[in-house]
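**Student:** For reference, the chains in residue letters:
There are 6 protein chains.
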Amino acid sequence: MYLHTELLINEIANDEPDPAAANALQEGLGGQFGEMRTMMQYLFQSMNFRGDAAAKPYKDLLQGVGTEEISHVELIGTTIARLLDGAPGYSGKKTDPVDAPGAKGATPLTIAKDTGNIHHFLVGAQGALPVDAAGNPWSGSYVYNSGNLVLDLLYNLMLESTGRLQKCRIYEMTDNKAARSTIAYLIVRDQAHENAFAKALESLGVNWGKVLPIPKTNAEAFPEVKKLVDQGLQSIQYTFSADNKSEADKLYRGASPSNDGTELTTEFMPSGGEPITIAPERREEFSPGLDPELLALIQATAEEEIRQSDRPAGS
Amino acid sequence: MYLHTELLINEIANDEPDPAAANALQEGLGGQFGEMRTMMQYLFQSMNFRGDAAAKPYKDLLQGVGTEEISHVELIGTTIARLLDGAPGYSGKKTDPVDAPGAKGATPLTIAKDTGNIHHFLVGAQGALPVDAAGNPWSGSYVYNSGNLVLDLLYNLMLESTGRLQKCRIYEMTDNKAARSTIAYLIVRDQAHENAFAKALESLGVNWGKVLPIPKTNAEAFPEVKKLVDQGLQSIQYTFSADNKSEADKLYRGASPSNDGTELTTEFMPSGGEPITIAPERREEFSPGLDPELLALIQATAEEEIRQSDRPAGS
Amino acid sequence: MYLHTELLINEIANDEPDPAAANALQEGLGGQFGEMRTMMQYLFQSMNFRGDAAAKPYKDLLQGVGTEEISHVELIGTTIARLLDGAPGYSGKKTDPVDAPGAKGATPLTIAKDTGNIHHFLVGAQGALPVDAAGNPWSGSYVYNSGNLVLDLLYNLMLESTGRLQKCRIYEMTDNKAARSTIAYLIVRDQAHENAFAKALESLGVNWGKVLPIPKTNAEAFPEVKKLVDQGLQSIQYTFSADNKSEADKLYRGASPSNDGTELTTEFMPSGGEPITIAPERREEFSPGLDPELLALIQATAEEEIRQSDRPAGS
Amino acid sequence: MYLHTELLINEIANDEPDPAAANALQEGLGGQFGEMRTMMQYLFQSMNFRGDAAAKPYKDLLQGVGTEEISHVELIGTTIARLLDGAPGYSGKKTDPVDAPGAKGATPLTIAKDTGNIHHFLVGAQGALPVDAAGNPWSGSYVYNSGNLVLDLLYNLMLESTGRLQKCRIYEMTDNKAARSTIAYLIVRDQAHENAFAKALESLGVNWGKVLPIPKTNAEAFPEVKKLVDQGLQSIQYTFSADNKSEADKLYRGASPSNDGTELTTEFMPSGGEPITIAPERREEFSPGLDPELLALIQATAEEEIRQSDRPAGS
Amino acid sequence: MYLHTELLINEIANDEPDPAAANALQEGLGGQFGEMRTMMQYLFQSMNFRGDAAAKPYKDLLQGVGTEEISHVELIGTTIARLLDGAPGYSGKKTDPVDAPGAKGATPLTIAKDTGNIHHFLVGAQGALPVDAAGNPWSGSYVYNSGNLVLDLLYNLMLESTGRLQKCRIYEMTDNKAARSTIAYLIVRDQAHENAFAKALESLGVNWGKVLPIPKTNAEAFPEVKKLVDQGLQSIQYTFSADNKSEADKLYRGASPSNDGTELTTEFMPSGGEPITIAPERREEFSPGLDPELLALIQATAEEEIRQSDRPAGS
Amino acid sequence: MYLHTELLINEIANDEPDPAAANALQEGLGGQFGEMRTMMQYLFQSMNFRGDAAAKPYKDLLQGVGTEEISHVELIGTTIARLLDGAPGYSGKKTDPVDAPGAKGATPLTIAKDTGNIHHFLVGAQGALPVDAAGNPWSGSYVYNSGNLVLDLLYNLMLESTGRLQKCRIYEMTDNKAARSTIAYLIVRDQAHENAFAKALESLGVNWGKVLPIPKTNAEAFPEVKKLVDQGLQSIQYTFSADNKSEADKLYRGASPSNDGTELTTEFMPSGGEPITIAPERREEFSPGLDPELLALIQATAEEEIRQSDRPAGS
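Residue numbers (the numbering used here), protein chains in the order written: chain A, 1 to 315; chain B, 1 to 315; chain C, 1 to 315; chain D, 1 to 315; chain E, 1 to 315; chain F, 1 to 315.
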């Protein structure tokens, strides 16, 4: 069973809207090696897990990483939505902001025709989509769950490394601060997950030598990444285990397979995080699309709520 | 951010393996109107939500139902896995159970060629797959999020009703008790979600008359459903809000739009639930596929854990 | 612009329900070489047609065949629906017909788990689906429209011949009379369309020698086909041109390229045809799913209609 | 059975070619909520319809709207083709129009690399494609036909509203007059179809309050739309019933659920419309690709036709 | 550049037709981890390879394995075709073999409705298809080529291991000798390729400990596999390098990472193999579908050939 | 069985990188009518071929063309990779080449956001992808193999003609010399394959008149094509038959059906060709992504090789 808190797992830096960056980030959300995929893959591997009691730490590791990936979907999805929000007025074209739907025949969404994915404006309302950066919808055929423990771990290691590789490339495609803050965070967390699966394979006798982490980027090259690596975020595993039953820490301990001299440690969940907020109305998208009469009804509901909560309990 | 507890949201009744029933249930997991879809649709609608503060109850309703759907994915996925587990020996063919991988040229997986989806045995290891009952992989193109509040609610109402319709049909396809216990539970919860979205539209002025619930099944026709309806489970909404910030109860209150005479109420999360366990080894699937040498390594990890935890903290 | 009449283009023979035959026919409806494809391909080729006035007969030929294909979609779709209708009681399993939805825990749809496409019962309500016989949804990527006239005609000839080949194979898969009456009709019409595109290529200088028709079946082998061929149905082209502007008859004339000694002729539209009816309620599918209260509302609408029509015009 | 007339259902205004606008319009043709989808969905719902005689008006409503959608496919497809036609010379780049295929190594199609969908020039010949604005092919999995009358109507209402929402957004993306004339027409017709399905649900007891039409655009904001709304086009339903058997007018009558003060009325088919013409040759696309020898053959066919028609009948 | 010889890479044992086994084998041909995928993945990795001269052995290893995979596609495709050939008469149903197309209304293809994939008889003519065992068409999205050498090798190791795992499962699904002879051969060759990629990673410092081969099947359990392993076929790598320029042997040498005590060796290409033959006519499939007149034309071509070759050269 | 030589089938001219041209060429590689499709289609047709001994020339023709298509995949894939290689520095933006991965927060891959397919930089490492020019992955559903000889030949003729048509259009989209050298070569080879299938149909009695070649381009219009046509490359068929068993020359002889006055001739394989090389490292793509430590290991492997080869054989 799952619970939710109204906190993003990491803060998103402020910057201007940037639909092209938003589209590049879609690979990290809905791509073959993006967060929707890791989330679903680990949840399926965890549900279908086989073994005896001694194997529980492996299952718990999968469950813990899988639960974190749901929060990553939330983080990168929200980042994309912010990069798109208000995008019609982006890039100095703000001189005469037309935010109303085609008033007097205006064309407030003209930018949509010349952007990474026209669906961001046409099908969605300047929000994230479950597709990759080339517009392909996410597919269940991505999920890998052979049931063979060694193979599933090996695939997961490759999956996290590919996700990290692609995010390193996305970092190099944009200097938008909002985009980079989320990308940098996910690069480091992908490394933590690389460590998790590599360590699990170490417990079965594999010695990774010098090949990890993949890719062999020097974290120092990306300033936003360096800052997080200096904090050791790549060597922490979270359990997100509300009933504290996870045994993932039996695996995630000892020297990091990434050869960076750190020790792996396990924690319950991240502290901090950014409170989740609600995006503003976009009239040119008819979103949420409530006119004064409907707004009045919503307001009435809210006021009714106040009356209700003022009444004594049980009345 | 999301948390997890090692409890299934509902208990699964015991019964024999039944791959045909498992395959029918796949529609409820990975189908166009299944739990993966409702989960993803509401999480995207929640992430991309637009409006002012008065609209927060609508967003929270989406977030709460969406979080419940993750637990539904877990429940139905686990049910499918149980229905498949050990299926090679199903249906009186158990006389000479051959569980080893092709020992002496045996064919322990011959059943796979004549079942609903051969991938259950060939690609997965007698576990759930992210596909529908006809074998189509789940697709991101299923997710609907127009950004227009009325439309999103209207779609969601239709989505839950279609899910409920399909589950009523699945109920009629099998009398396997494990399958029916989960299907019955989800039929009732789908009605609760129908109520949620119908009520939200009522707050905008729609009067549903007599058309709800859809389909117009008399719950009494399905004994397992009747039992849950008698408990009022169709009129409860959960928030799953670990920080208690959800305002969904501002909407989910008052008379049920299902015309069953109940009042809608909101709770934090279900009590009870079934502890999650680990499925046994299936040697004929090479799952988890550990030989004695690798098992010894896992055992050593477990023992090391004991030694570690015996040491004084900080040593 | 298109018009509709409440007549099927050909009669469907009566026979028992037969879900396996229905599924084989799906290839002829939603398959890569089925009627949805021919319909869409010719409508696109007609819309996007290029040339000067002398080329109008070619465009009109495409438009005429394309319009006929919509009626073929209607015919084969209706045939599939009839083959599925009531299928739960098929094949001597009628001893205790349970038509109600799961009354007392009955399983009236148990047949669905062991049929060609479970979606016929689970997603549809014993009706036709826009998919092929292996369950793949129809795809827009099937449509071929290069804009090059010779190529488009060559493809169309190949398309009709492949459709005819597949239908000949379907004929050999079932002896259900309803299935065969529609399949036989479409085999002969496919040959008429082969003739149409082959003749159009003849007008550009190609001589087909002895290769047509494809496949080289002797129509006499299939009794139902022989009957229609004896009537010359393979050598008639319809225009379906309500304003009588089609010039397709400029091409479709002279000796048949099928080498059967007939002359090609053009007519407006087929006479005869079967009146379209409404399929009966299927309670086990919740279709249409109206309970007594909703039925009463529909009845009230019908009565209101009578009152309205009894009133003097303009009142 | 279907008939065709050589008239477009509405006129297309003249303007310059505009491949970016053409691509945006593709969503309205081949998108998940475009005209190919509505057309197919209603034709399937009509074919598979269940009920007793009192339900015939519902079936006829579906059939009538479905038939109109075929004409909408024709209208929007033709509009797209016109917006693409001659596009290589678009936007002031006409200084040295090169229309011949790569003569002397020229690059007359260079524009194709930098346009919405390169397939418009590479796979098609500056014509419409059965894909959406992001290039995804139309899919049969879009079609919804649960067989449950309330659900099918509810889905259709949502479908028309989403189509209308997306077309309102497309309107805001381009000021090309040809694009806007078709988009404006379809916005108003989508509202008419919203009214149709909403009214059908009203007959089952639903009261829509103030939520219709969706989206809550003020039609006045779009001048081309306002003009059509002032004519009441949003409150007319056509039957396209060549044998005059449709009973759709039993449902489509009385006050409009769109709250605009109009009364709904039913007519046979639209008067007017634009005669269908043939697009000119595009040599750079090899379309139709006939050289002088092949053209001479076509001319000979045309002349033969004259001779034939000059002969006395029966000769 | 590629050459071809008319030899299958391994012999196929004789046995009866078996469409269910044929369908299981489709996973090994057109599945996500089948031979079409390995073939394409290695050809793309080889084409796009980056590095300096010292990296040539890695590229050559990819090219060599990739070339072998084309021959594996040929082998498994031919095996499937043989398992399907004549399948209508399979399993004792041969009493009255009807091989003619529906003569007198017979149904020679009735078996097709109840087999793994109806397309084997309906779309193909009892031949192999580019699809997996659940009927999904092969997809280019399967191909993995990140460009990062470590990642590509890691993926390839996982890919070969998954292919081997799935083939071990297919072995357990059928005891048809033709199916098993090909499956056993491919199990052993997949292990050879596991060794190839594992060894390449060893050259970069990874030590695999005891985890290889994956799955941890004892080859002795499958008699047909044991025979080939005893011959050491799992430790040979072929170059298929017609110009003898491959440097793959620089990597494929030394102790096997599979821990079976063998030394890895490299050879040019396999000796032996089975001559490729032509499958017999199937009249019920209209394949090849030549009637006496067309056969006479083919015969005339053959005779003309004899005359031509009897003439003196240059005449 | 297949062999490989380290030669491209044709030389690629030198020119600057050009990602837009690379993307247009993707249609010729991974498109519905591209080289991956022809390759797979002919290999399947050859594997599944039916007939008696007299039909062997037809099978051998398919096998020979199919084998050539593998080399075409290699040629066009390599061309695409070269057009992408170093693309970040393309188009005068070379002033400050940043080739390192985001050093100091640089954005060396910024070009990726505004190019034909962002996946060229994000998923691949400036290399070819198995997708078409609109980004759709190659699909096994493209492969056509009806088993009917006339139909398969007819489809193949149409397929080659469409491939040629599309390549003529691509030629007109770019003047990049590298792109045009490969496109021109493939235009001429497609014509050779048109001739092959047209001639095979001639042997069955069809007379093509003046319609070939398709499209009716005058080869002289494209200078690079004219050069190859003047050499007669469109009238040569290669066998690629390493064991010299092909009988394709029985069909591919006599006057060309393209009406260009040439005689068709058959040869073993092309002479010449360009030696295959290895692309340079791209640090900004982490490809191959080896750091000094890993490079040292590779170098050690190379040196070990020298020592090994210096030792006397058998030591």
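The reader is advised that the hints may include incorrect statements.
Remember, identical chains collapse to one label, so a pair may be satisfied in a single copy or spanning two.
No farther apart than 30 angstroms at their CA atoms in a straight line, the calculated lysine-lysine pairs in the DSSO-like style are these [claimed, not checked]: (1) Lys227 with Lys104; (2) Lys56 with Lys210; (3) Lys104 with Lys226; (4) Lys177 with Lys226; (5) Lys245 with Lys226; (6) Lys104 with Lys210; (7) Lys177 with Lys104; (8) Lys56 with Lys104; (9) Lys177 with Lys227; (10) Lys177 with Lys210; (11) Lys216 with Lys104; (12) Lys104 with Lys245; (13) Lys227 with Lys56; (14) Lys210 with Lys227; (15) Lys56 with Lys226; (16) Lys56 with Lys177; (17) Lys216 with Lys227; (18) Lys56 with Lys245.
Rather than coming from a laboratory, the hints here were simulated on the basis of the structure.
**Student:** Hint by hint, note whether the structure agrees.
**Tutor:** Checked hints:
1. Lys227 with Lys104: Only across copies: Lys227 and Lys104 sit 13 angstroms apart there, 50 angstroms inside one copy, limit 30 angstroms.
2. Lys56 with Lys210: both (29 angstroms within a copy, 21 angstroms between copies)
3. Lys104 with Lys226: Classified as between; 11 angstroms across copies, 51 angstroms inside a copy.
4. Lys177 with Lys226: This pair counts as within: shortest intra-copy Cα distance 15 angstroms, inter-copy 43 angstroms.
5. Lys245 with Lys226: neither (33 angstroms within a copy, 35 angstroms between copies)
6. Lys104 with Lys210: Answer is between; shortest inter-copy Cα gap is 25 angstroms, intra-copy 64 angstroms.
7. Lys177 with Lys104: Cα proximity of Lys177 and Lys104: across copies only (14 angstroms, versus 36 angstroms in one copy).
8. Lys56 with Lys104: neither (64 angstroms within a copy, 32 angstroms between copies)
9. Lys177 with Lys227: within (14 angstroms within a copy, 46 angstroms between copies)
10. Lys177 with Lys210: neither (32 angstroms within a copy, 43 angstroms between copies)
11. Lys216 with Lys104: between (55 angstroms within a copy, 17 angstroms between copies)
12. Lys104 with Lys245: The answer is neither: 61 angstroms in one copy and 41 angstroms across copies each exceed 30 angstroms.
13. Lys227 with Lys56: This pair counts as neither: shortest intra-copy Cα distance 34 angstroms, inter-copy 35 angstroms.
14. Lys210 with Lys227: Classified as within; 23 angstroms inside a copy, 38 angstroms across copies.
15. Lys56 with Lys226: neither (34 angstroms within a copy, 34 angstroms between copies)
16. Lys56 with Lys177: between (40 angstroms within a copy, 28 angstroms between copies)
17. Lys216 with Lys227: So Lys216 and Lys227 pass the 30 angstroms test inside one copy only (17 angstroms; across, 43 angstroms).
18. Lys56 with Lys245: Cα proximity of Lys56 and Lys245: one copy only (10 angstroms, versus 33 angstroms across).
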